[in-house]
Amino acid sequence: EAQVTQNPRYLITVTGKKLTVTCSQNMNHEYMSWYRQDPGLGLRQIYYSMNVEVTDKGDVPEGYKVSRKEKRNFPLILESPSPNQTSLYFCASSLSAVNEQFFGPGTRLTVL
Amino acid sequence: AQSVSQHNHHVILSEAASLELGCNYSYGGTVNLFWYVQYPGQHLQLLLKYFSGDPLVKGIKGFEAEFIKSKFSFNLRKPSVQWSDTAEYFCAVNGMGSGNTGKLIFGQGTTLQVKP
Chain A
1 EAQVTQNPRY LITVTGKKLT VTCSQNMNHE YMSWYRQDPG LGLRQIYYSM
51 NVEVTDKGDV PEGYKVSRKE KRNFPLILES PSPNQTSLYF CASSLSAVNE
101 QFFGPGTRLT VL
Chain B
1001 AQSVSQHNHH VILSEAASLE LGCNYSYGGT VNLFWYVQYP GQHLQLLLKY
1051 FSGDPLVKGI KGFEAEFIKS KFSFNLRKPS VQWSDTAEYF CAVNGMGSGN
1101 TGKLIFGQGT TLQVKP
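As they're listed, the protein sequences go chains A and B.
Residues in the first sequence are numbered consecutively from 1, following my numbering.
Residues in the second sequence are numbered consecutively from 1001, following my numbering.
I should point out that these hints are in silico values taken from the structure, not numbers from a laboratory.
Hints may be right or wrong, so weigh each one.
FRET-style restraints, in silico, Cβ to Cβ [what the hints assert, rightly or not]:
hint	chain 1	residue 1	chain 2	residue 2	range
1	A	N7	B	S1014	18 to 28 Å
2	B	W1083	A	V54	43 to 53 Å
3	A	N51	B	K1115	45 to 55 Å
4	A	R9	B	S1084	39 to 49 Å
5	A	V14	B	A1017	16 to 26 Å
No residue lacks a Cβ here, since even glycine has one placed at the ideal position from N, Cα and C.
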């Protein structure tokens, strides 16, 4: 089944404890992206990757890192999480930057 | 600045009522347009998309949307809603210009509640 998977689905952590949210797609998509969803703000892009060679910041990259060592995986790294990063995170992938994006199930993160 | 505005934040309808959700965007160039739906506790799913051609597009589950370029609008419609349509709906825009980063610009979302 074609899909985008994320792990973990739920995470409660404390300020400053490094964490990684994994994202994997099995559709051979070039483009991958991370968004965060907050009430009243819709979804905002954190980072994106055009392909394994190109990764860049989105609208709200502060406090986040990503890597794209292989096409299928695009982990989101929070080196030192803070409470303002409490949010619902979605990974998405697409054939290219102009095609529709397919979203993962989401990761609900709470930083205490 | 690029933006998407959804006029209705919370809509309550009875089953069989007609639905229209407004979406306007601000973008200085050609765009691709999308409507996504998020059922309670689930991820975003694509309802329909507009890239080019006929401005009236049909999507899944009986939804349709009309792109009116002169009004920068892409309103979502359904003639008769069902209880199972209860969800949050997001309009999104992807700019097509050079240097396109693939970023989807989302509206704030509209919560639709359908009463049985």
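Here is how each hint holds up against the structure:
{"no.": "1", "hint": "N7(A) with S1014(B): 18 to 28 Å", "in the structure": "40 Å, violated"}
{"no.": "2", "hint": "W1083(B) with V54(A): 43 to 53 Å", "in the structure": "44 Å, holds"}
{"no.": "3", "hint": "N51(A) with K1115(B): 45 to 55 Å", "in the structure": "47 Å, holds"}
{"no.": "4", "hint": "R9(A) with S1084(B): 39 to 49 Å", "in the structure": "23 Å, violated"}
{"no.": "5", "hint": "V14(A) with A1017(B): 16 to 26 Å", "in the structure": "47 Å, violated"}
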